[in-house]
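Asks: Chains as they are written, first to last, in this note's numbering: chain A, 1 to 391; chain B, 392 to 652.
Keep in mind that the hints were calculated from the coordinates and are not lab data. Glycine included, every Cβ here is placed at the ideal spot set by N, Cα and C. The hints are all genuine.
Once the Cα atoms are required to be at most 30 Å apart in a straight line, the calculated BS3-like pairs of lysine-lysine come out as: (1) Lys590(B) to Lys498(B); (2) Lys589(B) to Lys110(A); (3) Lys497(B) to Lys546(B); (4) Lys110(A) to Lys590(B); (5) Lys347(A) to Lys331(A); (6) Lys583(B) to Lys102(A); (7) Lys165(A) to Lys583(B); (8) Lys583(B) to Lys110(A); (9) Lys497(B) to Lys471(B).
Label-pair distances were calculated between CB atoms; the ranges are: (10) His481(B) to Arg275(A): 41 to 49 Å; (11) Thr517(B) to Arg275(A): 36 to 44 Å; (12) Thr39(A) to Asp413(B): 44 to 52 Å.
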Amino acid sequence: MPVERVLPTTDAADLIELTREIARRELAPRVEQAEASATPPREVFGTLGRAGLLSLPYPEEYGGGGQPYEVYLQVVEELAAAWMSVAVGVSVHSLTVFPVDKFGSDSQRKVLLPDMLGGEFLGAYCLSEREAGSDIASMRTRATVADDGSATISGTKSWISHAGKADYYTSFLRTDDTGGKGISCFVVPADAPGLSFGSPERKMGLDGDPVAEVHYEKVPVSADRMIGERGQGMSIALAALDAGRLGIAAAATGLAQSAVELAASYAKERVQFGRAIADNQGLAFLLADMDAQTAAARATYLHAARLKDAGRPFSKEAAIAKLIATDAAMKVTTDAVQVLGGAGYTKDFPAERFMREAKVTQIFEGTNQIQRLVISRHLLRQVGNGKGSNA
Amino acid sequence: MNIVVCVKYVPDAQADRTFSQDNTTDRTNVDGLLSELDEYAVEEALKLAEAGEGEVTVVTVGPDGAAEAIKKALQMGADKGVHVLDDAIHGSDAPATSLVLAEAVKKAAGGSPELVLMGLASTDGTMSVVPAMLAERLGLPQITQLSSLEIADGKVTGRRDSDAASDTLEAPLPAVVSVTDQINEPRYPSFKGIMAAKKKPVETWSLADLGVDAGQVGLESAWTKVESFTARPPREQGEIVTDEGDGGTKLAEFLAKAKLI
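Could you put the whole structure together from the sequences, leaning on the hints where they help?
Replies: Okay, here's the thing in structure tokens:
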């Protein structure tokens, strides 16, 4: 049941067709086995990269697809509907490119972007630490900057997707002891000496997306690898996360979509008391709520994307999209398990995997509590102090 | 090397395929696509063209929707397309299709092509005879069902695998070659390819453009005709053998009954 989409161009419509074909022929046949055995699908990223799906929202002059977020995110949603780990990987990769594209100098963009967007490279985004999750300003992994601008990095980053598999590590590091103002952004190549990786975290789900610690032991980086100004890292990270949250919202929507379709088709076939369980209004209404929540999730991320594409502020809307879409994914996948009943609780059906995959979306790229913090701060700044004034 | 690839637009094999009122393949109520077996021929042509110089032209004979098959091949990287579109072609059998294709290939190649590539068979008709018929019509040597292919010194060489043996076959160019699904791994279009395909030339030719008389093709002139058809019966539930210590015997009896042992 393909999702009906309104796309801005025929190129975009063809792009969605291509995405569906790759999802059907390359992702769907592999997902069960790879998730069950926790095998990262590196070769799938190669296929996506050659097809141009890893660089969609970036400029064509550096090898990107030049697509608006409105289109890129719908591709992410389609990928997620087939394989959540892959969609999350695509979103993370996009996130790693963002600082260079948005804050890099012209020469940094010219040097770094072609590889990042070439389809063969995969990036990792190193922001979180054990003791610095939501509170990123408390990070301790340090880049000691020498007089010539080169730096030496020591410390450990945690929960890093593609750790040990990536070709470069977009890293946020402490350069000065001035809290959030003392963080800077660096792109560290995978072959830098002193870089090593922990063993993969034993997670609840998303087993195709290996997550591990990244250890920096006196890792040298040259001056031209610092992205933006010294001390600008925090604002770069937050800007990247605004965009990254939309990727997660889109992926969560695709996951919810798959759960709805699975539950609805099962409910039409499963017969109890002499009729399909879908013929019971109590269950049909549950399916209706699942469908409605998925559609709402899609609408919120598309609204935020269109604001972003129009060059307007979208931080609040990105946080709303992330909150709505990931909560929807959690609710819808949980209900899908319920619709499938005992079968839903077994690993013979993907419903339980969907449910495990949904959980982390409420946690990463800003917990949903942080999203509420972002939304409420924007809201309270937007409304005046006056009596009912909305200016 | 200038290569012509003949492709077919077929109903999606994963959809519920059926027949129209005149007992020809129903193409209107089923999504169509480039026959997946033809993707291998397109891929092989692209590899040959990329390895040297030359152009890949994709030719199809089919209804309006067949333009989609050309589009897909152009998105993969082919240079130009030819769509032979004529209401009189509806219902044509393999000999008539090969007649139209032969004229289209000659016209597309401006005389004789250097190499004509085709898939193993279409995924709807699965007859595998059109490559041989086309070679006959063009007066060219044919090598069919190759699972490897090499071009050197004005010759095409390749391997044909069968159950019992592998043959190495060779023919002077120009030649008509059909390839199997073992020969390569077809690429997906890239997004850049999708955008580039829009600017590539596609010509649409009628039978008159090819100098083919409408009386030679179509359902009425077909050598074979589908009189009637019966839908494949739904799969029946298999027999369940309960093992009460004699499961092996029962299984052997079942297989013997089916004349499998």
